[in-house]
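Visitor: Make the full structure from the sequences, and use the hints.
As given, the protein sequences belong to chains W and C, one line each in that order. In terms of my numbering, the first sequence has 15 at position 15, counting the first letter as 1, and numbering is strictly consecutive. Position in the second sequence (from 1) plus 102 gives the number in my numbering.
Errors might be hidden in some of the hints.
[Claimed, not checked] Using 16 Å as the maximum straight-line C-alpha spacing, the simulated EDC-like pairs for lysine to aspartate or glutamate come out as follows:
# : chain 1 : residue 1 : chain 2 : residue 2
1 : C       : K185      : W       : D95
2 : C       : K187      : W       : D93
3 : C       : K185      : W       : D93
Hints in this document: simulated from the structure, not taken from any laboratory.
Each chain is listed here by its residues.
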Amino acid sequence: MTSVAMEYGIVLAALLFSLGLIGIMLRRNLIFVLLSLEIMLNAAGLAFIVAGARWASTDGQIMFIFILAVAAAEVAVGLALILQHYRRYNTLDADLASKMRG
Amino acid sequence: MTTVFYIASAIALLSTIMVITRYNAVHALLYLVVSFVSIALIFFVLGAPFIAVLEVIIYAGAIMVLFLFVIMMLNLGEVAVQKEKEWLPKQMWIGPGILSGILFVLIVYTLFQGEPQWAIVDMIGPAEVGAELFGPYIIAVQLAGLMLLAGLIAATLFGKRVKFKEKKEKEDS
Chain W
1 MTSVAMEYGI VLAALLFSLG LIGIMLRRNL IFVLLSLEIM LNAAGLAFIV
51 AGARWASTDG QIMFIFILAV AAAEVAVGLA LILQHYRRYN TLDADLASKM
101 RG
Chain C
103 MTTVFYIASA IALLSTIMVI TRYNAVHALL YLVVSFVSIA LIFFVLGAPF
153 IAVLEVIIYA GAIMVLFLFV IMMLNLGEVA VQKEKEWLPK QMWIGPGILS
203 GILFVLIVYT LFQGEPQWAI VDMIGPAEVG AELFGPYIIA VQLAGLMLLA
253 GLIAATLFGK RVKFKEKKEK EDS
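Guide: Written out as structure tokens, the structure reads:
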């Protein structure tokens with residue numbers, strides 16, 4: 001069918017991953033931190049799909065399905081934590097969550 | 103089809119940049135949906151139609167709608183956008199940008215050390231993926247189910263409102 005150099009796919013995944021990393025380091029709003037985590041997980045999945053296409057193997061797609069499950073569970077827990085944080089401090093500032101008291 | 107790959111990756115990169123630079127959370131979400139749809143197109147070009155469909159349904163559909171629900175529950179308005187502008191001055195971009203840029207250059211450097219690898223793409227449909235998933239990977243599927251159950255329990259526990267208020271009253275008194 002088509003042929004795309006594997007390196008370009010991996011470079012795209014690396015770029016998306018770097019953008020997500022910048023977002024995590026930069027933003028203080030917890031919702032944006034969680035969005036950046038989603039970007040990074042998705043970039044990792046893209047790398048799996050590209051490698052799976054290179055070796056014509058189903059394993060890449062199966063790993064993507066597992067990454068999808070991890071992302072869904074992480075978002076559910078993360079958003080519940082964000083709600084709890086917002087109720088306690090009435091803001092989404094991540095710097096306030098540095099006290100570590102139960 | 104190769105042109106489709108390049109155009110879709112350009113759209114994905116641009117919309118991801120827009121995601122991490124927006125002040126308004128809803129705008130960022132909409133850009134992220136665009137990014138996910140273009141990545142789904144890339145999956146389709148790379149011969150993974152099943153994953154492309156999953157990307158649209160679960161990532162762009164379910165997970166983004168979950169984010170939207172939470173943003174609507176928090177009811178953030180103009181004030182939140184103003185605060186976000188305060189938190190994000192222009193010079194904040196320098197440090198993380200340089201660090202991530204170095205990491206990216208390292209990945210690209212190690213990637214282009216060897217011979218270029220050409221991906222000759224065959225279509226791998228849902229039937230092959232499903233046979234493999236419920237064959238050798240069945241234990242991993244069950245573990246993923248357990249993890250989702252644990253996530254569900256944790257989310258319901260953290261989402262409770264009552265427990266925390268009682269605790270705060272105790273602290274106050």
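Visitor: With reference to the structure, classify each hint as holding or not holding.
Guide: Hint check:
no. : hint             : verdict
1   : K185/C <-> D95/W : holds (14 Å)
2   : K187/C <-> D93/W : holds (13 Å)
3   : K185/C <-> D93/W : holds (10 Å)
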